[in-house]
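Asker: Letter 57 of the sequence shown, counting from 1, is numbered 56 in numbering that gives the first Met the number 0, and no numbers are missing.
Note that these hints are calculated values from the structure, not bench results. Treat the numbers as computed from the prediction; the structure is a model and nothing was measured. Take these hints with a grain of salt, some might be off.
[Unchecked claim] Straight-line Cα separation of at most 25 Å, DMTMM-like style, residue types lysine to aspartate or glutamate; simulated pairs:
| hint | residue 1 | residue 2 |
| --- | --- | --- |
| 1 | Lys350 | Asp93 |
| 2 | Lys247 | Asp198 |
| 3 | Lys12 | Asp93 |
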Amino acid sequence: MQLLEVNHPERIKLFLDLPARINKQNPAYIHPMNQDIESVFDKKLNPAFSQGKACRWILLHPDGTCIGRIAAFHHMDKQQQQQQAGCGFFECIDSQEAADMLFEQAKTWLAAQGLTQMDGPVNFGNRDQWWGLLIDGFHPPVYGMFYHPPYYQALFQQYGFQPLFWQYTFRRALHAPLSASLKRRAARIMAQPDYQFADSRGLSTDSLAEQFLTIYNAAWQHMEGVNPLTLPQVQQLLAKLKPILDKKIIWFAYFKGQAIGFFVNIPDLNQLIVKFLRHGSLNIYQKFRLLYRKTWKQCPTMLGFVFGIHPDFQGRGVESALIFKFASQFREKRKSGYQEIQMNWIGSFNKPMLRVMQALDAECYKTHCTYRYTF
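Whole structure, please, built from the sequences with the hints as guidance.
Answerer: Structure below.
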């Protein structure tokens, strides 16, 4: 077997095509968009390169067939003021020997950079995409997440990776009734005229970005591994999401006119268009198909992008009222086309959000694990 660095177009193609070949018999697999994967390794598009490095490899069988891939990277975490090292974008045939060669290559490269541990499988940069190994709930992935065959867990653990934390995806039918206890908590808040709740249709893009930024940085400032956002970053994110943004499913909570909470959702791009693509890329025809499906409400799955309440208002029931007001618009199924919501990337360390999921009677639909290997 031969390891080759991915450093020219032919090898990039092998890197991108491998997961589709490994999962060709699996109906749950959805091939990610190639441009999303490549943007991670583009120094012009990924800000992690400003204080970090990345390298990736493919593994070839003696007959020349690509049978594995991996990337390794490290960057400075601004919040913790230390280097974060990881491996990711791992794909491999069911062979411990092949997997070990890939892991060893990532470890050797990181050790040469002076690092002594690697987390995986993780992304090079933010946690919101391509993070964690699917270990339970082998259902079709939401946008920005990989599907992994069940045998990958053994490949990681037999090499020596140990669980660091778990990430849960919760699922709930949008038209299912809310619990009586959540309704009671919501009613107490909604009875107070100082609280208001509204979707974002009346907000300009700049106002939406500013309100989101204020709440996000306050609500997530003490969460390990989450760095504060800047206004340009939020504006860039909204610009990226603009083709699929649905302002009816982005909701804010206000106290005396000041934004204190948000529930940001987006149509799941995988269900909207990505699963219909061939070879992981959009052509002109497929862009029109995306517009058609979005216009005619042909996306059954909504992705819970982020939820947050300003710390000064946590524990009062604001989250229940925000959820109640949000859910009230889906009492009639025909109105939106959405049938379910999947709330992705809720860490095992995020106790407040786990309590919200419990209050919602949401189903734990998928489990991903982030591993750590120390050397």
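Asker: Where does the structure disagree with the numbered hints, that is, which hint numbers, in rising order?
Answerer: 1
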